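Order-wise, the sequence lines are chains S, V and G. Numbering of the first sequence is given in our numbering, commencing with residue 1 and proceeding in unit increments. Numbering of the second sequence is given in our numbering, commencing with residue 1 and proceeding in unit increments. Numbering of the third sequence is given in our numbering, commencing with residue 1 and proceeding in unit increments.
FYI, nobody ran anything at the bench for these hints, they're computed from the structure. One or more of the hints may lead you astray.
[Stated by the list, open to error] Footprint (simulated), chain V over chain S, 3 or more residues, beta carbon under 8 Å: (1) 44-57; (2) 62-75; (3) 86-98; (4) 127-133; (5) 162-171; (6) 209-223.
Being a predicted model, the structure only gives us computed values, none of them experimental. Just so you know, even glycine gets a beta-carbon here, dropped at the ideal spot from N, CA and C.
Residue strings, one per chain:
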Amino acid sequence: MKKLISGWSLIKSYTLLVYIWMFAPIVAVVLLSFNPQQFGSFPMKGFSFRWYGELLHNPSILGAFKNSLILGSLTAILATSIAVPAALAFVRYEFRGKDFLNTLLIAPIMIPEVVLGVALLLFLRWLQQPKSFMLLLLGHIVLTLPYVMLVVQARMVGIKKEYEEAALSLGASPFQTFRSVTFPLLSPAIFAGMLFSFTISFDDVTATLFWATASQQTVPVKIFGMLRNSISPEINALGTIMIILTISLPLTAGYFIRKFARES
Amino acid sequence: MKQKTLRPWLLLSPSLTAVLLILVVPVCFVVVYSFWLRSPIGQDIPAFQFGNYGKFFADFFYPSLLIRTIRVALETVLLCLVMGYIPAYFFYKTESRFKPILMILVMLPFWISFIIRTLSWINILGDSGLINHVLLSIGLIDSPLSMLYNEGAVLMGLLQYLLPFMILNIYVSLDGIDKSLIEAAKNLGCTEWQAFKEITLPLSLPGVSAGCLLVFVLTCGTYLPPMILGGPGNDMIANLVFKRIITTLDWPFGCAISTILLALVGLIVFTYNKYMGINQVFKSLGG
Amino acid sequence: MKDKLDKKLDQMYESYKAGQLSRRDFVKYVGIAGAAAGIMGGPFGMAGNAFAKNSITVHSWGGSTSKALKQFAFDPFTKATGINVVDATFTGMDAFLTQVKASFPPGGEFNIAHLSAVYDYLRYKDLGYNSVLDESKIPNLKNVMPVMINTLRNITDGNLSAVPYDVGQTGIAYNLDNISKEKAEKLGASLLWDKDLNGRLGTWGGDYRTNMWYAALHTGQSPNNITRINDVWDALKEQRGLMKKYWASGSELMSLLANGEIDATVAWSGRVAALQKQGHNIGYLAPNNTYSWMEYMYVIKGSDMNVAQKLLNFMLEPDAAIAVSKGQNYPPSLDPTKIAMPDEIKKLPAYDPTGTLKGYLFADPAYWNSKQLEWGEKWDRIMAGS
Chain S
1 MKKLISGWSL IKSYTLLVYI WMFAPIVAVV LLSFNPQQFG SFPMKGFSFR WYGELLHNPS
61 ILGAFKNSLI LGSLTAILAT SIAVPAALAF VRYEFRGKDF LNTLLIAPIM IPEVVLGVAL
121 LLFLRWLQQP KSFMLLLLGH IVLTLPYVML VVQARMVGIK KEYEEAALSL GASPFQTFRS
181 VTFPLLSPAI FAGMLFSFTI SFDDVTATLF WATASQQTVP VKIFGMLRNS ISPEINALGT
241 IMIILTISLP LTAGYFIRKF ARES
Chain V
1 MKQKTLRPWL LLSPSLTAVL LILVVPVCFV VVYSFWLRSP IGQDIPAFQF GNYGKFFADF
61 FYPSLLIRTI RVALETVLLC LVMGYIPAYF FYKTESRFKP ILMILVMLPF WISFIIRTLS
121 WINILGDSGL INHVLLSIGL IDSPLSMLYN EGAVLMGLLQ YLLPFMILNI YVSLDGIDKS
181 LIEAAKNLGC TEWQAFKEIT LPLSLPGVSA GCLLVFVLTC GTYLPPMILG GPGNDMIANL
241 VFKRIITTLD WPFGCAISTI LLALVGLIVF TYNKYMGINQ VFKSLGG
Chain G
1 MKDKLDKKLD QMYESYKAGQ LSRRDFVKYV GIAGAAAGIM GGPFGMAGNA FAKNSITVHS
61 WGGSTSKALK QFAFDPFTKA TGINVVDATF TGMDAFLTQV KASFPPGGEF NIAHLSAVYD
121 YLRYKDLGYN SVLDESKIPN LKNVMPVMIN TLRNITDGNL SAVPYDVGQT GIAYNLDNIS
181 KEKAEKLGAS LLWDKDLNGR LGTWGGDYRT NMWYAALHTG QSPNNITRIN DVWDALKEQR
241 GLMKKYWASG SELMSLLANG EIDATVAWSG RVAALQKQGH NIGYLAPNNT YSWMEYMYVI
301 KGSDMNVAQK LLNFMLEPDA AIAVSKGQNY PPSLDPTKIA MPDEIKKLPA YDPTGTLKGY
361 LFADPAYWNS KQLEWGEKWD RIMAGS
């Protein structure tokens, strides 16, 4: 028994080390967002909220941030809602050309984004159509589709077919079966898929660079634009705010849920 | 019966339509373009010739970039696996109240733009970066260690970008494992390690293989880590595509390189699928 | 319903083939038909109104540049005329040209761009994107240094497609803590080949011109007429062994210098000025025949010329031009003999109080563009070590 515990604590410390490693650059960004100087290096020469103030008065970055949020959310919802049925088809059905189609649907990650970016524009130019938000959204859906597919598929394999068959034999329709048996079991993967899809869309630079019109530029595109002069620490401030929001929202939500549960 | 054979197609149709429209057709344009000619002024000339491909294989320069790309991608996959499996297993096993938070933390790096994340390694690994600063001040070293602008730094950047993909993929398939199987095995006298080896590990393989594939192909297509953290001679094939298409505006040649890269990655994925691929794993589990 | 739609589509296709319908209209009809059938209306149905008429798009360098433009030119312009200015940023000249080349319709999406270097002016002309400005509609042009205007005029047969906006140089930046001013000035361009700086050098990996330019100076040749090209390649190969980093962006350039990763590199004058302003001990060296360039606001063919000219005039207002200049640390194109410059501008590298730019060597556009493909590739190979 004693040996077992030490095994677990090894796993724990290993995980902790991986976390520290993974967060080192993030911590650097957060710290530098409080650096009063424009270029920071360590050790820092002071502490200030200067960049947060400037961020609030920068309509260009805030506008881009709004674009990123809208685009990311729509992408996550739409990509997941078309990826789940596709994953279902691959895992639950046998049909001709399955391997090929499965590979085809994960193709978007195999193609360098520069190529994809230009390719879509070549096609659009041939169609003689201007760019639009629809195009950007469709592009992002296709870009993030494989991630959702892979996550959902991997999970679906683990869900036993027998559960669904049992529901079906009890007279449920395929849709009812999906809704009341498959979907709940699948929901962690669906959530993970949406999270994936949102973040990839939120963080995508190369393809977005080509597809976004002038008025739909996202945060990463703006950052790329700053590379020539220097990236303003306002971007570090924005990243820090995002991180604080992502950590604190689930925490507060959890707190309120527990509180209401206790009261009722 | 007919309805049954139609159903998978119905389920697939939205994704297939999107991929065909946004990806397959445009990529055909890339392939067509790779046979075109580039004029010195800039307007490309439609043609059908293999000059762009000839140029790629004319000497060892371009193929060697391709080989380097594959090597770096394999290294990245291996490192991601080594670094990612145990944390994924931890998430699966832990009963901590903070599990959802810990999970979200994995995705947190993505909130900070990839460019910024990559750039910020300079603040850590650089000559006046955090590590050197600490080592110098405790007197472990006399002069800064040179850690940036080599393949190691590129791998750091790649790992930082790709590790979350590996962890989440493995976790999702671990989480799908029926825990009663493990209980049963333990009741039959298996040790924790035996239960892991005989049940958990094999059942997590779909996630592992999905993660590996994902990391491999993503590495083949990224150009930012080599561009920012690499030194002279760490460029990968995607950097070349980027340069040809964007810097020199040589679209036909850029398209030819892309086609070659596409064919190569396609071949690898195909072989992978055939011998140890995801579908193979699906079948063994589904039966 | 379905049959009727098919029939209509067939008619469309016939007239498209007969040439009565442009491909654009054809696609639009197919799109509308698709929408009616509920298949793929989205992407094409909405495309039509993507460009509101009452707006103009300006692409410029991001950060402080676009911020100053917005405050001093775009917002006042919108207030005065009611025309909306979409201020967008691009990531580099090459990337932007790639986007323009792939866009449709010409001038629909891209209107005005803040481009650098005269060879680009020629590239846009060669690709057929050049417009013709009505100079009488831009009275503020009279304040611009004539030498800059004439450089552009010579390329587009006496017309202008752009107004000059600022001047810059690519000189050499060096760390004054480790390299003395005397040494730097004695060595000039050859500082970038100094064996003492092994592993402490940097250069811009993204541009073969800059590197060939300095290799030409190092080997004692005229950059606009390189006669011993193999000497240039040999010098660049030799330099590769000394190099720590081929940087790709100004942001990297600044962090390399500010963090003491490298001691010397080719550098954009504005970036060095920014570092100096922040108190970093960085010297700027402009050896004889330093690589100079100019930036201009280019109007892409197909844009609404009236609106563009009005806006260009706003952008050339001394207040706006000087503010942008402060933001990006490049002196404005305005003639200092006609417009009084604040001290901050007078201190900028590449500032010329005479307004004649005598002794500034610009890249000969025709010479450099003609070798673009060959030299660009050769440079890639050298960087990669072959």
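Verification of the supplied hints:
With 0 residues having a beta carbon nearer than 8 Å to a beta carbon of chain V, the segment 44-57 of chain S misses the requirement of three or more and the stated coverage is violated. For the segment 62-75 of chain S, the proposed coverage by chain V is not satisfied: 0 residues have a C-beta within less than 8 Å of a C-beta in that chain, short of the threshold of three. Three residues within the 8 Å Cβ limit are the bar, and the segment 86-98 of chain S against chain V gives 9, so the coverage statement holds. Counting residues of the segment 127-133 of chain S whose CB lies closer than 8 Å to any CB of chain V gives 0, which falls below the minimum of 3, so the coverage claim is violated.
Coverage of the segment 162-171 of chain S by chain V is violated. Counting CB-CB distances below 8 Å, 0 residues qualify, and the rule asks for three or more. Three residues within the 8 Å Cβ limit are the bar, and the segment 209-223 of chain S against chain V gives 3, so the coverage statement holds.
Comparing the model with each earlier hint shows violations of hints 1, 2, 4 and 5; every other hint is respected.
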